[in-house]
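The primary structure of each chain is shown beneath.
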Amino acid sequence: MTEDKGEDATEYMNLKILGHDNSVTPFKIKKHALLIKCLKTYFKIIGLDRVSVIFSFDGHRIIKTDTPSSLEMKEGDVIEVFLRQIGG
Amino acid sequence: MVFSTRTFKFFKMYINLCSDEESEKEIEIKEDEKIILEEGQIKINDYKMLNSYKFINDILIDFYLNDWYTKKLSEEDRERTYVFSTHFYTTLTKSFNASDYPAHYTASQIRHGKVRRWTKNVDIFQKDFVFIPVNENKHWFLAVICFPYLSGKVNMRDGTPVNESDDDADGYPWPRITYSAVHDRSEADPNDEDLRLFDMASRENLFTKQGLDYETDAGVTKIFRRIQVKRITATLRGWLEQEYFVKHPGQIKDFSPEAIKGAALRVPQQPNYTDCGLFMIHFVEMFFKRPIVDYTFPIRHLENWFSVDEVVVNYRKRKELQYVILNRMEAKRSTMPEEIELPILDIDYML
Chain E
1 MTEDKGEDAT
11 EYMNLKILGH
21 DNSVTPFKIK
31 KHALLIKCLK
41 TYFKIIGLDR
51 VSVIFSFDGH
61 RIIKTDTPSS
71 LEMKEGDVIE
81 VFLRQIGG
Chain H
1001 MVFSTRTFKF
1011 FKMYINLCSD
1021 EESEKEIEIK
1031 EDEKIILEEG
1041 QIKINDYKML
1051 NSYKFINDIL
1061 IDFYLNDWYT
1071 KKLSEEDRER
1081 TYVFSTHFYT
1091 TLTKSFNASD
1101 YPAHYTASQI
1111 RHGKVRRWTK
1121 NVDIFQKDFV
1131 FIPVNENKHW
1141 FLAVICFPYL
1151 SGKVNMRDGT
1161 PVNESDDDAD
1171 GYPWPRITYS
1181 AVHDRSEADP
1191 NDEDLRLFDM
1201 ASRENLFTKQ
1211 GLDYETDAGV
1221 TKIFRRIQVK
1231 RITATLRGWL
1241 EQEYFVKHPG
1251 QIKDFSPEAI
1261 KGAALRVPQQ
1271 PNYTDCGLFM
1281 IHFVEMFFKR
1291 PIVDYTFPIR
1301 HLENWFSVDE
1311 VVVNYRKRKE
1321 LQYVILNRME
1331 AKRSTMPEEI
1341 ELPILDIDYM
1351 L
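Line by line, the protein sequences give chains E and H.
FYI, the numbering for the first sequence is 1 to 88, going by my numbering.
FYI, the numbering for the second sequence is 1001 to 1351, going by my numbering.
By construction, these hints were calculated from the structure, which means they are not laboratory data.
Careful, some of the hints might be misleading.
Stated by the list, open to error - Derived lysine-lysine pairs resembling DSS-like cross-links, with alpha carbons at most 30 Å apart:
no.: 1; chain 1: E; residue 1: K40; chain 2: H; residue 2: K1332
no.: 2; chain 1: E; residue 1: K74; chain 2: H; residue 2: K1054
no.: 3; chain 1: H; residue 1: K1138; chain 2: H; residue 2: K1153
no.: 4; chain 1: H; residue 1: K1114; chain 2: E; residue 2: K44
no.: 5; chain 1: E; residue 1: K30; chain 2: H; residue 2: K1030
no.: 6; chain 1: E; residue 1: K64; chain 2: E; residue 2: K44
no.: 7; chain 1: E; residue 1: K40; chain 2: E; residue 2: K64
no.: 8; chain 1: H; residue 1: K1332; chain 2: H; residue 2: K1054
To be verified - Output of the computed footprint for chain H on chain E, the stretches with three or more beta carbons under 8 Å from beta carbons of chain H:
no.: 9; stretch: 57-69
no.: 10; stretch: 74-88
Every residue gets a Cβ at the ideal spot worked out from N, C-alpha and C, and that includes glycine.
Whole structure, please, built from the sequences with the hints as guidance.
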């Protein structure tokens, strides 16, 4: 959520995306920006089907309203990409 | 200095990702990708998995277990229970290059490192039960770590140590075997695991799926299943040990197979090719509804734990899962971003 428009609202932080193939993609994001937007761009660049993966931070599945600040992320933290799983 | 194409790629991505602009418009959201429930991020696509012929996916299982944990489980039981997401074991066993790590790192340490931060807010050694859904070769398993803080048998009523030995008469240790690792996974060597397996029922469909003929070689099935379970318990044992080491530095605890026993339990089996995910979530629920009262091995009383009808008749468990989703949607109706048309499922026709 971008409710907090305080002093550090525009402050950028550097994060990384760890792909399911172990590739690492660094990116920069504002602390209060919605993570899912960056991740959507990642989909596009990587050419992954959005349906086939989910994003996770320390085991927490990233949802629409998550921001680096709401997840208490620190500089250099890693977001992981998981392939979807099914079973029968 | 080396400028690999990879570096360049990263650079490019860096630029693209950090441009804060709305790029959403360019990505058209397909009907199937529309979210019908924010909580759990369930999309129409996931909802369609409830069709009788479909496999259940991670999203549905995580959602259902979370709902069960937060709403159905008693406060007392919730307090002593921890449930990992379906991606925990997958992440733990993600394959790696040992050369990327310092030479003194053991495989078990490297594996633990991959999920180290998953438990940043919990000490699982303060829990009685830790549930770990496992997905392997398109099959769902359930692993449960019970009383991880114990190092031997105790009386469940008063916690006093018990010296009574297990009845190992029917169980037998396994000769060392060569095994092939699961594709793209790094797990512990099942040979390290002294798992006495008390003849579990086999599951034919797993083999049909993998092209092995169960009919002609029942022995293959049994051996395969045992190795599979041994791999999982050996891997989790390694994780548990590392976790203790990190969370309780300086303390010593015995994690050997003698101190913390592993078992593959005989439980009700799915009568079809599709419902293992539903059985798995039913196991979790039953664990509290009809708990194990005596952990003395072999634990045999779970063979008739429940009737398979509880899961499969009239797609009962699928419908329960659907009901939970629809119920939550109903509750959130006022905050739904747009009117979404739900697809009709074949289980809708079943009474």
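A quick look at each hint next to the structure:
no.: 1; hint: E/K40 to H/K1332; in the structure: holds, 25 Å
no.: 2; hint: E/K74 to H/K1054; in the structure: violated, 40 Å
no.: 3; hint: H/K1138 to H/K1153; in the structure: violated, 35 Å
no.: 4; hint: H/K1114 to E/K44; in the structure: holds, 26 Å
no.: 5; hint: E/K30 to H/K1030; in the structure: holds, 28 Å
no.: 6; hint: E/K64 to E/K44; in the structure: holds, 17 Å
no.: 7; hint: E/K40 to E/K64; in the structure: holds, 11 Å
no.: 8; hint: H/K1332 to H/K1054; in the structure: holds, 26 Å
no.: 9; hint: 57-69; in the structure: holds (count 5)
no.: 10; hint: 74-88; in the structure: holds (count 7)
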